[in-house]
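Enquirer: Read off the chains here:
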Amino acid sequence: MTVVDQPTSRSPAVPPRRLTMAKAMVEGIASEMERDPSVFYLGEDVGAYGGIFSSTTGLLERFGPERVRDTPISETAFMGLATGAAVEGLRPIVELMFADFFGVCMDQISNHMAKIHFESGGNVKVPVVVTSAVGGGYSDAAQHSQCLWGTFAHLPGMKVVIPSNPADAKGLMIAAIRDDNPVVYLFHKGAMGLPWMSKTHRALGEVPSEAYETPIGKAVVARSGRDVTVATVSLSVHHALDVADEVAADGIDVEVLDLRTLVPLDREAIVESVSRTGRLVVVDEDYHSYGMSGEVIATVVERDPSLLVAAPVRVAVPDVPIPYARALEQAVLPTPERIRAAIHAVTR
Amino acid sequence: MTVVDQPTSRSPAVPPRRLTMAKAMVEGIASEMERDPSVFYLGEDVGAYGGIFSSTTGLLERFGPERVRDTPISETAFMGLATGAAVEGLRPIVELMFADFFGVCMDQISNHMAKIHFESGGNVKVPVVVTSAVGGGYSDAAQHSQCLWGTFAHLPGMKVVIPSNPADAKGLMIAAIRDDNPVVYLFHKGAMGLPWMSKTHRALGEVPSEAYETPIGKAVVARSGRDVTVATVSLSVHHALDVADEVAADGIDVEVLDLRTLVPLDREAIVESVSRTGRLVVVDEDYHSYGMSGEVIATVVERDPSLLVAAPVRVAVPDVPIPYARALEQAVLPTPERIRAAIHAVTR
Amino acid sequence: MAFATSEEVLEAAVCVDLYRTMVRIRSFEERIRSEYHADKSPGFDIGAGRIPGEMHLAAGQEPVAAGVCAHLRPSDAVTATHRPHHVAIAHGVDMAKMAAEIFGREGGLGHGRGGHMHLFDPAVHFSCSGIIAEGLPPALGQAFAFRHRGGDDVAVAVTGEGAANQGAFHESLNLAALWRLPVVFVVEDNDWGISVARPASTAVASNADRAAGYAMPGERVENNDVEAVYRAAGRAVARARAGEGPSLLEVHTLRMWGHFEGDPQTYRGDLATVEDRDPIPHYRDRLLEAGILDEGSVEQIAADAAAEVERAVAFAVASPEPDPAAATSYVFA
Amino acid sequence: MAFATSEEVLEAAVCVDLYRTMVRIRSFEERIRSEYHADKSPGFDIGAGRIPGEMHLAAGQEPVAAGVCAHLRPSDAVTATHRPHHVAIAHGVDMAKMAAEIFGREGGLGHGRGGHMHLFDPAVHFSCSGIIAEGLPPALGQAFAFRHRGGDDVAVAVTGEGAANQGAFHESLNLAALWRLPVVFVVEDNDWGISVARPASTAVASNADRAAGYAMPGERVENNDVEAVYRAAGRAVARARAGEGPSLLEVHTLRMWGHFEGDPQTYRGDLATVEDRDPIPHYRDRLLEAGILDEGSVEQIAADAAAEVERAVAFAVASPEPDPAAATSYVFA
Ligand SMILES: Cc1ncc(C[n+]2csc(CCOP(=O)(O)OP(=O)(O)O)c2C)c(N)n1
Ligand SMILES: Cc1ncc(C[n+]2csc(CCOP(=O)(O)OP(=O)(O)O)c2C)c(N)n1
Ligand SMILES: [Mg+2]
Ligand SMILES: [Mg+2]
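Respectively, the protein sequence lines represent chains A, B, C and D.
Mapping of the first sequence onto our numbering: position 237 corresponds to residue 1657, and the numbering continues sequentially without gaps.
Mapping of the second sequence onto our numbering: position 228 corresponds to residue 1648, and the numbering continues sequentially without gaps.
Mapping of the third sequence onto our numbering: position 153 corresponds to residue 753, and the numbering continues sequentially without gaps.
Mapping of the fourth sequence onto our numbering: position 96 corresponds to residue 696, and the numbering continues sequentially without gaps.
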């Protein structure tokens, strides 16, 4: 869905520019397409539509239908096409419209795209970026609201990056395109700053105009604090920052760690933060069990269980399909309310 | 592959019977097919071949081609067929020949089979058993050696059971068939007792002749010990027991906890064991990150980090596709050597 | 292969039923549309209002639902798509419970868990799914179960022309043909898969041509003609009931509105002609001309439909919101 | 649609090349077979011995590989299946490095990481995969890249008749046709998908009939006839090179041995006739009769092939085992 926005102000006279994550992502793609003729984008409704979640707005007009290609609804075929094209030296970006659809084409991703480099003993490179929309919060129900980053991150051979803000959206996109490996790039619909979806007041952010890479594999302290580490990614970073501001009033000083990349995971940053705060809350819009939240907790205690002065708490989707009705969905998402309760629990 | 075995001795005069896991699994299926005409089995090479890993040996002869059905290589179609048949009151068992192939049909499993009950508000039941072979150790390389139980267990709506021994193979099969939910039943090729694959000396086990259910969601202490808990599943249970016997000589008393079910996970059993031993090793033939090993560790510390007197250790496949060459494969599998080293590390 | 063509004149009662079903559907879709947009402004916030989330409506595609489902009984199964309401109504899904589900209420078909893309009514063996073409495989299983228990019930799997390029389509047709399952595959060709025009998604002009690849009959109905759909579907359903196996039926239909509500349709060149192609006034005029309907019965049908929809929406809005404390219920039976 | 049929007589040199390729393949497969079984006894332990793991050999299917790949250049791409050796050899994959990979050695194509189902030789754009039909989509991408960079290179995707019922087959054919990609799809119909006979997997007698569903030419070659394969593949490759889009070619071939080594083939009723149907002696006799080969050249070809295979195996066994300390290398570039 697209409601036409104002064109981004590009006057160099009035920095800093503030963009939505969607525009920053597109800017990252466009700058690489400009620089490198081997980059192209393919997926469903990425051409004239500009991406259901505005991931490609304006690219068709700028780069033409050879390089911005609408596909049939044949995810297995076009994922594999991206792999084959990458093997021959192109640098495809391929969109899986919703991460929820992974199951119709996961073999091409996890058994092929992700494994060819290894199976070939390093002789073949597969520089593909797989973009996909994740997340709920707008009643799109069980098949259109999942995050599933735990599913991608569990399987070896692909990097997994998840920008939470416009600057990282651009920088991680450029880094992903330049990376010689398959990189799964998951963008949260609720963080894209779409005009037709309710958004956090943090949706706009400063984005440098020039091309730059945000390093893959590096977490960032989005807010530093002494009392508790909230480790999270994606839209939940915004919620965590909001809650951190609130509980500061109660005298709780929250550190928010934006992991940004799940593969490779910046384990040092996690351990370093928790070794200062002694307390850990993991906020994860993916399912609770066998995913990111457990991995982050294990990362700390396998280093040293005594780093934790209190039991860590997870705020995740409680192993239930995402319900449709608003009240039910809000009950299972990692809302600010649940994050606040977890921070209180862990600092009690 | 099948090398014809001797028919199982069925003389009631000479109990206890010792069966392979494959035969015990088939016995569980056969006893339910006998009892309940709505049970049928479908999959690739499950008829005349009897299952590539002997999961259905003899069933065609006994129950005929209407109830033991070879399918085309169309996993999406026949997985979905199982779902639709279950919705209408049948009780299909459907085989995905290797769990590695999940990516060609995961949508039918995780978005349909697993979610319909929820989406229908409980009005539709989907009693399907998905059987699948897992595991490596015989140089079947990156696309035929994975365990992937973390992938299945991460996604809500399906139970996940993983027998390690013949008695549980039969009892969990019967429980899975009688369960009104989708149950993923993962059997390790190396634990099936196949005549053409090297096997552990623990491959044969006593199996009661009558029908019985092994409770889904209950772990079992396979060996009790005071010093360290080794939590694991599947073939690794055998390795853990072997190592436990060995290190007993060094005065280390190992408790081996066979989780048996990943969904629902018997968190109480894990916490209870670790609260006695204070030390935890998780052995997991699936990939290291974002899977079972992290989940088990998190389960302990989110109850109470001080239960652990030493940092827990994971022995898992280190986020690498399974290599082909024997020496490489052995280096990444959770071998007895690696388990022993972990036990020593954690009890040091 | 093609169906035997028989151009017999339909009985008046059948025509009236087809017309009534189309009107009931349109009435429902128009009402849902207005309810959906009623409280999403200013601007348009997809998650806001009494009906949140994506909304795919089927105005213009009534001939497919009406023509196919006229041949079905409640014991026959139907699997539909992300755009399911027309098929649901035509197959007799409880309209009030369906409305309540769309409103996310406890009284809904799925107690508010499923939403408009996940409607399950076991009473008429109806289901749908938001994943393209993935509704086909479960239909095979329903057909399999029907044959297993005896009788001549059938399963109908509906899909879009865009979805016909998904792997599940191929696998399902082959397996259904191979096992001679009583299934009818219906492709709704509405020219578009979201913004992708049919020639940009499909290498062949008619999906009916694909039927030969499964040794099953294939037929394409042009012009969104409800009576032609009725006839072709009748042949396919009869074939399935007779144990002769599956058939494929494609209907060239019309998506009158956006892919989903909020779709600006800026990609669409054929918008100007859409209203003129609305199948309902055309069919009404034909039945008036033929003397099968008169102005009074047309009004009566419209009024009845409006009243039925009114009752359904009233039931929906009167139904309580689900209790958030039970958000994790129904994961396991 | 079908290819134009031209029954022109092949040049003698072409015939000899076809024969030589088949002999080289058979020689390799026989040697791998004996190496594979050499040290798996007593009993049969799949994971034991110098060549561990599953082993899918292609004896009997040489006409497909030889006939198709005769039209290819090293700059053309080929994606093969779990049964890849014949195609690899015919397309010019380095036999020594391939043997080393099969033996799991550092000198292998994948430094021992891949194994016999995962052979990658970038020098000739060759790859294969153990997942049914999933080698097709990457071939589209190679073809796409070739067209992008200009020139007339093509991609050939080989698959089994069992695999032709997998969703990836359908999606790939449609997309290739839609984008007019220079691809040739080759289906090896060896009557069996492991233990499942073709009539139990495929609703249609010839996959060539499925080509019409993608508006591409389809042709089926009967009798495992290498010259007929050569001719048909020539038409398909020429079409692709000329920018006219993809074609589908099915060859009725023969799986002489088990699905994999160790397969007892108890399910197989046609075993008794297999030896008589071996395509290599038949073709040899034909060329002898036609005076294109004489006994001397037959022996020379056999001796050359044996020597080549001997060198390859010698290279393999001389290559070191990979270092377990590097087991986690090559995950990321
Ligand atoms: C596997 C999968 N891919 C993509 C989508 C996103 N999507 C939803 S509807 C749609 C278009 C469907 O087109 P068509 O099948 O023609 O049905 P129509 O919407 O026209 O009724 C797409 C691409 C999806 N739901 N599932
Ligand atoms: C998606 C998938 N399903 C199942 C298998 C297991 N499998 C390996 S080979 C094979 C049979 C393939 O038959 P066919 O395509 O005819 O090739 P052939 O073995 O006869 O050469 C099967 C079912 C697989 N590798 N991938
Ligand atoms: Mg459409
Ligand atoms: Mg075959």
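Misleading hints may appear alongside valid ones.
[Stated by the list, open to error] Covered stretches of chain B (chain C as the covering partner; in silico rule of three or more C-beta atoms under 8 Å from a C-beta of chain C):
(1) 1569-1582
(2) 1639-1647
[To be verified] Listed next, the in silico DMTMM-like pairs over lysine to aspartate or glutamate satisfying Cα-Cα at most 20 Å (straight line):
(3) Lys1545(B) <-> Asp1456(B)
(4) Lys1619(A) <-> Glu1757(A)
(5) Lys1545(B) <-> Glu706(C)
(6) Lys1545(A) <-> Glu1666(A)
(7) Lys1545(B) <-> Asp1600(B)
(8) Lys1619(A) <-> Asp639(C)
(9) Lys640(D) <-> Glu630(D)
(10) Lys1619(A) <-> Glu1666(A)
(11) Lys1638(A) <-> Glu1666(A)
(12) Lys640(C) <-> Glu630(C)
(13) Lys1619(A) <-> Asp645(C)
(14) Lys1545(A) <-> Glu706(D)
[Said to hold, decoys possible] Estimated spans, in silico, between C-beta atoms of each pair:
(15) His1764(B) <-> Glu921(D): 24 to 32 Å
(16) Glu875(C) <-> Arg841(D): 26 to 34 Å
(17) Arg633(D) <-> Asp1600(B): 45 to 53 Å
(18) Thr866(C) <-> Ser1618(A): 21 to 29 Å
(19) Asp1600(B) <-> Arg841(C): 24 to 32 Å
(20) Arg841(D) <-> Ala838(C): 47 to 55 Å
(21) His1764(B) <-> Glu1688(A): 40 to 48 Å
(22) Thr866(C) <-> Ser675(D): 28 to 36 Å
(23) Pro674(D) <-> Gly1542(A): 18 to 26 Å
(24) Glu875(C) <-> Glu608(D): 36 to 44 Å
(25) Ser634(D) <-> Arg841(C): 56 to 64 Å
(26) Ala1747(A) <-> Glu630(C): 21 to 29 Å
(27) Asp1456(B) <-> Pro920(C): 35 to 43 Å
(28) Pro920(C) <-> Gly1671(A): 53 to 61 Å
Please keep in mind that the hints were generated in silico from the structure rather than gathered at the bench.
All of these numbers come straight from a predicted model, not from anything done at the bench.
Backbone N, C-alpha and C define an ideal beta-carbon position, used for all residues, glycine too.
Enquirer: It remains to establish, for every hint, whether it holds in the given structure.
Expert: Against the structure, the hints:
{"no.": "1", "hint": "1569-1582", "result": "holds (count 3)"}
{"no.": "2", "hint": "1639-1647", "result": "violated (count 0)"}
{"no.": "3", "hint": "Lys1545(B) <-> Asp1456(B)", "result": "holds (17 Å)"}
{"no.": "4", "hint": "Lys1619(A) <-> Glu1757(A)", "result": "holds (17 Å)"}
{"no.": "5", "hint": "Lys1545(B) <-> Glu706(C)", "result": "holds (19 Å)"}
{"no.": "6", "hint": "Lys1545(A) <-> Glu1666(A)", "result": "violated (47 Å)"}
{"no.": "7", "hint": "Lys1545(B) <-> Asp1600(B)", "result": "holds (6 Å)"}
{"no.": "8", "hint": "Lys1619(A) <-> Asp639(C)", "result": "holds (17 Å)"}
{"no.": "9", "hint": "Lys640(D) <-> Glu630(D)", "result": "holds (16 Å)"}
{"no.": "10", "hint": "Lys1619(A) <-> Glu1666(A)", "result": "holds (19 Å)"}
{"no.": "11", "hint": "Lys1638(A) <-> Glu1666(A)", "result": "violated (27 Å)"}
{"no.": "12", "hint": "Lys640(C) <-> Glu630(C)", "result": "holds (16 Å)"}
{"no.": "13", "hint": "Lys1619(A) <-> Asp645(C)", "result": "holds (10 Å)"}
{"no.": "14", "hint": "Lys1545(A) <-> Glu706(D)", "result": "holds (19 Å)"}
{"no.": "15", "hint": "His1764(B) <-> Glu921(D): 24 to 32 Å", "result": "holds (27 Å)"}
{"no.": "16", "hint": "Glu875(C) <-> Arg841(D): 26 to 34 Å", "result": "violated (48 Å)"}
{"no.": "17", "hint": "Arg633(D) <-> Asp1600(B): 45 to 53 Å", "result": "holds (49 Å)"}
{"no.": "18", "hint": "Thr866(C) <-> Ser1618(A): 21 to 29 Å", "result": "holds (23 Å)"}
{"no.": "19", "hint": "Asp1600(B) <-> Arg841(C): 24 to 32 Å", "result": "holds (30 Å)"}
{"no.": "20", "hint": "Arg841(D) <-> Ala838(C): 47 to 55 Å", "result": "holds (48 Å)"}
{"no.": "21", "hint": "His1764(B) <-> Glu1688(A): 40 to 48 Å", "result": "violated (26 Å)"}
{"no.": "22", "hint": "Thr866(C) <-> Ser675(D): 28 to 36 Å", "result": "violated (42 Å)"}
{"no.": "23", "hint": "Pro674(D) <-> Gly1542(A): 18 to 26 Å", "result": "holds (21 Å)"}
{"no.": "24", "hint": "Glu875(C) <-> Glu608(D): 36 to 44 Å", "result": "violated (59 Å)"}
{"no.": "25", "hint": "Ser634(D) <-> Arg841(C): 56 to 64 Å", "result": "holds (57 Å)"}
{"no.": "26", "hint": "Ala1747(A) <-> Glu630(C): 21 to 29 Å", "result": "holds (27 Å)"}
{"no.": "27", "hint": "Asp1456(B) <-> Pro920(C): 35 to 43 Å", "result": "holds (39 Å)"}
{"no.": "28", "hint": "Pro920(C) <-> Gly1671(A): 53 to 61 Å", "result": "violated (40 Å)"}
Of the numbered hints listed earlier, those contradicted by the structure are 2, 6, 11, 16, 21, 22, 24, 28.
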